[in-house]
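Participant: Listed below, chain by chain, are the residues.
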Amino acid sequence: MKKSVFFGALTVASLAAGAVAAGTMDDVKARGKLNCGVSTGLVGFAAPDANGTWNGFDVGVCRAVAAAVLGDPTAIEFVPTTGKTRFTALASGEVDMLARNTTWTFTRDVDLKFEFVGVNYYDGQGFMAPKSLGVTSAKDLDGATVCIQTGTTTELNLADFFRSNNMSYEPVPIETNAEAQQQYLSGACDVLTTDASGLAATRASFENPKDHVILPEIISKEPLGPLVRHGDNQWGDLVRWTLNALISAEELGITSANIDELAKGTNNPEINRILGTEGDLGAMLGLDKQWAYRAIKAGGNYGELFEKNIGENTPIGLARGLNAQWKDGGLIYSPPFR
Amino acid sequence: MTTLTDPPKASFRLSMLIYDSRYRSITIQVVALIGFLIGIAWLVNNTLQNLDALGKTIEFGFLKDPSGYDINQRLIEYTSRSTHARAAFVGLLNTLLVAVMGCVLATTIGVFVGVMRLSKNWLVAKVMTVYVETLRNVPVLLWIVFLMAILSETMPKLKDYKTGAANMLFGNSIAITNRGVYVPEPLFSRSLGDVTVLKGIYNDSFYFGVSLDLIAILAVFIGGLLISKLIKRRADVIQAATGDRPATWYLRLGVIVVPTLIVLILLGFHLGFPELKGFNFRGGIHMRNSLVALWIALSLYTAAFIAEIVRAGIMAISKGQTEAAAALGLRANKIMSLVVLPQALRIIFPPLISQYLNLTKNTSLAIAVGYMDITGTLGGITMNQTGRELECVLLLMLIYLVISLSISSVMNWYNERVKLTER
Ligand SMILES: N[C@@H](CCC(=O)N[C@@H](CS)C(=O)NCC(=O)O)C(=O)O
Numbered sequence: 298m299k300k301s302v303f304f305g306a307l308t309v310a311s312l313a314a315g316a317v318a319a320g321t322m323d324d325v326k327a328r329g330k331l332n333c334g335v336s337t338g339l340v341g342f343a344a345p346d347a348n349g350t351w352n353g354f355d356v357g358v359c360r361a362v363a364a365a366v367l368g369d370p371t372a373i374e375f376v377p378t379t380g381k382t383r384f385t386a387l388a389s390g391e392v393d394m395l396a397r398n399t400t401w402t403f404t405r406d407v408d409l410k411f412e413f414v415g416v417n418y419y420d421g422q423g424f425m426a427p428k429s430l431g432v433t434s435a436k437d438l439d440g441a442t443v444c445i446q447t448g449t450t451t452e453l454n455l456a457d458f459f460r461s462n463n464m465s466y467e468p469v470p471i472e473t474n475a476e477a478q479q480q481y482l483s484g485a486c487d488v489l490t491t492d493a494s495g496l497a498a499t500r501a502s503f504e505n506p507k508d509h510v511i512l513p514e515i516i517s518k519e520p521l522g523p524l525v526r527h528g529d530n531q532w533g534d535l536v537r538w539t540l541n542a543l544i545s546a547e548e549l550g551i552t553s554a555n556i557d558e559l560a561k562g563t564n565n566p567e568i569n570r571i572l573g574t575e576g577d578l579g580a581m582l583g584l585d586k587q588w589a590y591r592a593i594k595a596g597g598n599y600g601e602l603f604e605k606n607i608g609e610n611t612p613i614g615l616a617r618g619l620n621a622q623w624k625d626g627g628l629i630y631s632p633p634f635r
Numbered sequence: 011m012t013t014l015t016d017p018p019k020a021s022f023r024l025s026m027l028i029y030d031s032r033y034r035s036i037t038i039q040v041v042a043l044i045g046f047l048i049g050i051a052w053l054v055n056n057t058l059q060n061l062d063a064l065g066k067t068i069e070f071g072f073l074k075d076p077s078g079y080d081i082n083q084r085l086i087e088y089t090s091r092s093t094h095a096r097a098a099f100v101g102l103l104n105t106l107l108v109a110v111m112g113c114v115l116a117t118t119i120g121v122f123v124g125v126m127r128l129s130k131n132w133l134v135a136k137v138m139t140v141y142v143e144t145l146r147n148v149p150v151l152l153w154i155v156f157l158m159a160i161l162s163e164t165m166p167k168l169k170d171y172k173t174g175a176a177n178m179l180f181g182n183s184i185a186i187t188n189r190g191v192y193v194p195e196p197l198f199s200r201s202l203g204d205v206t207v208l209k210g211i212y213n214d215s216f217y218f219g220v221s222l223d224l225i226a227i228l229a230v231f232i233g234g235l236l237i238s239k240l241i242k243r244r245a246d247v248i249q250a251a252t253g254d255r256p257a258t259w260y261l262r263l264g265v266i267v268v269p270t271l272i273v274l275i276l277l278g279f280h281l282g283f284p285e286l287k288g289f290n291f292r293g294g295i296h297m298r299n300s301l302v303a304l305w306i307a308l309s310l311y312t313a314a315f316i317a318e319i320v321r322a323g324i325m326a327i328s329k330g331q332t333e334a335a336a337a338l339g340l341r342a343n344k345i346m347s348l349v350v351l352p353q354a355l356r357i358i359f360p361p362l363i364s365q366y367l368n369l370t371k372n373t374s375l376a377i378a379v380g381y382m383d384i385t386g387t388l389g390g391i392t393m394n395q396t397g398r399e400l401e402c403v404l405l406l407m408l409i410y411l412v413i414s415l416s417i418s419s420v421m422n423w424y425n426e427r428v429k430l431t432e433r
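Protein chains in written order, with the numbering used here: chain A, 298 to 635; chain B, 11 to 433.
If you are wondering where the hints come from, they were derived from the structure by calculation, not from laboratory data. On a predicted model such as this, the values are computed, not experimentally measured, just so you know. For each residue, glycine too, the CB sits at the ideal point set by N, CA and C. There could be a bad hint or two in this list.
[Claimed, not checked] Footprint (simulated), chain B over chain A, 3 or more residues, beta carbon under 8 Å:
| no. | stretch |
| --- | --- |
| 1 | 349 to 359 |
| 2 | 367 to 373 |
| 3 | 408 to 415 |
| 4 | 448 to 454 |
| 5 | 457 to 466 |
| 6 | 476 to 490 |
[Unchecked claim] Straight-line alpha carbon distances no greater than 25 Å define the calculated DSS-like cross-link-like pairs of lysine-lysine that follow:
| no. | chain 1 | residue 1 | chain 2 | residue 2 |
| --- | --- | --- | --- | --- |
| 7 | A | Lys-507 | A | Lys-605 |
| 8 | B | Lys-172 | A | Lys-436 |
| 9 | B | Lys-329 | B | Lys-344 |
| 10 | B | Lys-209 | A | Lys-436 |
| 11 | B | Lys-172 | B | Lys-242 |
| 12 | B | Lys-172 | A | Lys-507 |
| 13 | A | Lys-410 | B | Lys-74 |
| 14 | A | Lys-507 | A | Lys-436 |
| 15 | A | Lys-428 | B | Lys-344 |
| 16 | A | Lys-428 | B | Lys-287 |
| 17 | A | Lys-428 | B | Lys-167 |
| 18 | A | Lys-428 | B | Lys-172 |
| 19 | B | Lys-172 | B | Lys-74 |
| 20 | A | Lys-586 | A | Lys-561 |
| 21 | A | Lys-436 | B | Lys-287 |
| 22 | B | Lys-169 | A | Lys-507 |
| 23 | B | Lys-287 | B | Lys-130 |
Using the sequences and the accompanying hints, generate a full structural model.
Facilitator: Here it is as structure tokens:
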């Protein structure tokens, strides 16, 4: 453990310059593979299936980017990162981008020198407790033992929440979600806290999800989104607009089912611009005209990715809520393609 | 006065640096040193340049900012509003706590096993051999994780105490749960309070309270020890003069025990028992599983090495010593404690120091079980939340260096004192 941290620091210190110097896109093209940092395993967001293929909502973003740049949504090396190792992995150039339930905060953006390209899930921190504990509100948790993943915003929000409510608690610091689950189920802690989406995903993987309740309080804002290193604007733009393409595609009704039809040309100029039949937005990014077409085709638009991985018909069963399109009263909104 | 003139001085030529054996070794050393320094300079320069390219500088100002996170095991006051430096201090104390507890337990077990391994009883000797070989041949990290898993999976759950499926031990004084062990704590109803030292330094990062109760008890106890020594000396004098030794054991015990008891009573000493309240046991001392697992695993592991050192030390004392002592009519246990062990100690000590250092450095494996030592606070959460990897790792290395050097200098000083003065 200590070793990896130490080498991590050394890597940041001594290898970073080469990696940071602009040109991530060229590196990726030369390598023929996108290195995408994901979580160590959170069903619905990023987890390998029985065949070792990574699936999930965050993985969908990686695949769209790989499709846009390399033309192949499977040309990806997934790098599992914990809450603690993710930023070192990105800063040192071990990964080209992170798509890992990461909250956009001031310090991460400004001080850690990362660039959040957008938000793919508006979340907030919640608590989960066994039904048998008889807790109905987070305000009843005075004195409880709480499992948290270290290196997260969760850890800081938790301290603030208990402090401002004059309650005490016993934090049990944990490295990965899998470990947190095991500790929680073995009763080593009373409650588990993390992003509400993560709680839902974790609960879905339990044997008896019904025995656990997610408490009503949401104690923080957690806008989760993909991020890249500061200073390589070409790469940042590409990841940002790939995400925007997925979002706009849903808004404009481009789906993986009708995209081939629409790519022959429509009378909606914005659809045409996205799919490359009008103008040449791709060239401005340093790509061909079809980049967005491939990105959307890889796993479908934003809504499709949501429904397939974490939506109401999946075991995770998250409602769109804040993550509905702006037209439907949500916050998901892409700037225009023009 | 001699009239010998100096031989003509050979004028110095550059080639002599290589061909003249008087200079050659110096030349080689200087060249190596220059190479080494260039290497270091290159590394430092490279690091600084790359940090610069990342837009980062090396600065330690963040240590003064509030940490924002909580720590479960703290020996001193700490809240999420305390500074990162204080979080590091809390971690440092936790590191020292397991290190000291580990060294004590490892030595106890190690000496026991080492002596037992030399036992004439075949079974005992073999059991000890098995202990030593299994413990020291499996990486200590695995022992730590293994113990942690056992503790959190097999110990009674808190729920079981609520439903009555599990009961506290020793008349409701000790509770063993899968969250750790709760034991009674010493309390003083007429406490003298604490004196706080180092308050106000570096945004209140390093202050701590010293318990006056503890100081009072220790003072009386040590005073008793000294008086008891005086009594012994007087008995020695009387014995030397008259040949009769007055019986003094009750006096010697009395001057230690009675005043200490009186102070304890005056301070209103009593035990606070853990009680199940709300989510957890409250009161008492909570020894978390992470601490217990780390402590026991490190102790058992290091004890295996210490046992070997002890065995080697004892075997190094020549058999003649034992036989001579036996010829003087000493019994086996007296031979061990009066003749063999005092000599063996001198051999045992130096390698023992290095075991203590190993144990202390191995405490950084705490991170595997979430024990909040200095690697967990400064090198874990602080490093992560601030993104100051280089600063934190440098500080950590410095701190471990200082701890190790302090241990070895104290032990070396002691070693110097007990060393056989050889003529
Ligand atoms: N959004 C928070 C927390 C992120 C986080 O660690 N989430 C957990 C649970 S939602 C996770 O993804 N765990 C997966 C893993 O351990 O790899 C942050 O950015 O600090």
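Participant: Each of the hints needs a verdict: does it hold here or not?
Facilitator: How the hints compare with the structure:
no.: 1; hint: 349 to 359; result: violated (count 0)
no.: 2; hint: 367 to 373; result: violated (count 0)
no.: 3; hint: 408 to 415; result: holds (count 3)
no.: 4; hint: 448 to 454; result: holds (count 3)
no.: 5; hint: 457 to 466; result: holds (count 4)
no.: 6; hint: 476 to 490; result: holds (count 6)
no.: 7; hint: Lys-507(A) <-> Lys-605(A); result: holds, 22 Å
no.: 8; hint: Lys-172(B) <-> Lys-436(A); result: holds, 21 Å
no.: 9; hint: Lys-329(B) <-> Lys-344(B); result: holds, 15 Å
no.: 10; hint: Lys-209(B) <-> Lys-436(A); result: violated, 34 Å
no.: 11; hint: Lys-172(B) <-> Lys-242(B); result: violated, 55 Å
no.: 12; hint: Lys-172(B) <-> Lys-507(A); result: holds, 22 Å
no.: 13; hint: Lys-410(A) <-> Lys-74(B); result: holds, 21 Å
no.: 14; hint: Lys-507(A) <-> Lys-436(A); result: holds, 22 Å
no.: 15; hint: Lys-428(A) <-> Lys-344(B); result: violated, 64 Å
no.: 16; hint: Lys-428(A) <-> Lys-287(B); result: holds, 19 Å
no.: 17; hint: Lys-428(A) <-> Lys-167(B); result: holds, 16 Å
no.: 18; hint: Lys-428(A) <-> Lys-172(B); result: holds, 15 Å
no.: 19; hint: Lys-172(B) <-> Lys-74(B); result: violated, 43 Å
no.: 20; hint: Lys-586(A) <-> Lys-561(A); result: holds, 13 Å
no.: 21; hint: Lys-436(A) <-> Lys-287(B); result: holds, 17 Å
no.: 22; hint: Lys-169(B) <-> Lys-507(A); result: holds, 19 Å
no.: 23; hint: Lys-287(B) <-> Lys-130(B); result: violated, 52 Å
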